[in-house]
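S.K.: Sequence:
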Amino acid sequence: MSEKHSNLPEQRQQRIAMLVRESGSATVSGLEKELGISAATARRDLAVLERQGKVKRTHGGAVPPRLTQHEDSFQLRLGEAVEAKKRLARAAATLLEADETVFIDSSTTAYFAARRILAGTSGVTCLTNLIPVMDLFSTADPSGASMVGLGGIFRALTLSFVGPCTIHTIESYMADRAFLSVKGITSEGHLTDINPLEAEVKKAMIRHAERPVLLVDGRKFEQRGFSVIAHVS
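Reading the sequence shown from the start, the letters are residues 1 to 233 in the numbering used here.
A portion of the hints provided could be inaccurate.
[Said to hold, decoys possible] Below are the DMTMM-like pairs computed for lysine to aspartate or glutamate, each with C-alpha atoms no more than 20 Å apart in a straight line:
#1 Lys203 / Glu188
#2 Lys220 / Glu171
#3 Lys33 / Glu10
#4 Lys203 / Glu171
#5 Lys56 / Glu22
These are calculated hints, taken from the structure and not from any lab test.
Build the full structure now, drawing on both the sequences and the hints.
M.R.: Laid out in structure tokens, this is it:
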């Protein structure tokens, strides 16, 4: 069989992901007919899309990915996609001017941003619920950036504080920016996270920052967490 789209695998896979999302499912035989590809190509594309978190393979086809409710530890996430996170952190740090204030959420990407801030931006005040960021400031030059800790209920898995006390403290401030990341961004543009308490902290930071800054790379698109935080608009 000649394959109409064999030289455009990425575009073809995007088309397959859209078909699965819009129809609620897709079969290998249906993809053969729709795209003019072989069954082997359809299966390979579905395997790629499953690794990307865009579909969930089934016997003979695929369905949209289920909502992600598994939450990895901070230490595990810290070792993932490190170079991409560092690039985002460098770009984020350049947005800050001296004496600005910025919320730092419990994401590992925001943690890398805090490291960049301490390395070069003077006079910045960071407000954070993440203990590893607080640890950074405990050994930093006190003449540089300063830090406000946002206490609350401690989560050992994420090394962060959440809950009503954290939200109340956030609502006591208005920051210039907020640096935050999310578990995933849906095709409809919703920012999502796994834990509802973490999601509420991120919501509060967005509300109380003049310019929220979303720190995500391509892995976050088409993934979904359990709790909706906001819309990208």
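S.K.: Which numbered hints turn out to be false for this structure?
M.R.: 2
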